[in-house]
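> Sequence:
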Amino acid sequence: MTGPISVEEDDKQAPGLQRRGEPISASAEDQICNNRKEKRKLTKKEKRKQKRKELAEKTRQEEEAKLNDPEELRRIQLEEEEEKERLERERREFEERERLF
4 MTGPISVEED
14 DKQAPGLQRR
24 GEPISASAED
34 QICNNRKEKR
44 KLTKKEKRKQ
54 KRKELAEKTR
64 QEEEAKLNDP
74 EELRRIQLEE
84 EEEKERLERE
94 RREFEERERL
104 F
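Here our numbering is used: the first residue of the sequence shown is 4, the next is one more, and so on.
Hints are supplied without guarantee of correctness; some may be wrong.
[Claimed, not checked] Lysine-lysine pairs mimicking DSSO-like chemistry, simulated, CA-CA at most 30 Å apart:
#1 K44 <-> K56
#2 K48 <-> K61
#3 K54 <-> K42
#4 K44 <-> K69
Simulated from the structure, these hints should not be mistaken for lab results.
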C-alpha cells in the first residue's frame, strides 16, 4: 500500500493539471479552448450522426410500409409486367428487322 504523495510528486505525475488559485498560462488557456472546441465539434458530429440515423430509420419504415401495402404491391407487379411486355415486344421487333435484313 502506498502512502500519501506530496504536491510535487503529484505535479510530476499530472503536469497538465492546475490547482485552484493559480493563474492560467497562455498555453494552458489555449489547451482549454481547444478542448472546448473539440467538445463542441464532437457534440455537433454526434447530433448529425443521430439525425442521419433517425432519417434512415424513418425512410426504412416508410419503405416497409409501402411494401406491405396491397395496392403498392399490385402497382409494382403491374409495372414489372409492363416492363416485361415492352422488352419482349422490342426483342420481337428487333428479330423481325434482322430477319428482313
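> Each of the hints needs a verdict: does it hold here or not?
Evaluation of the provided hints:
Pair hint K44 plus K56 holds up; C-alpha atoms about 18 Å apart against a cutoff of 30 Å. At most 30 Å may separate the alpha-carbon atoms for a hinted pair to count; K48 and K61 meet this at roughly 20 Å. With a C-alpha separation of about 18 Å, the suggested pair K54 and K42 falls inside the 30 Å cut-off, and the hint holds. The straight-line distance between the Cα atoms of K44 and K69 is roughly 38 Å, outside the 30 Å bound, and the hint therefore fails.
Hint 4 alone, counting from the list given before, is not met by this structure.
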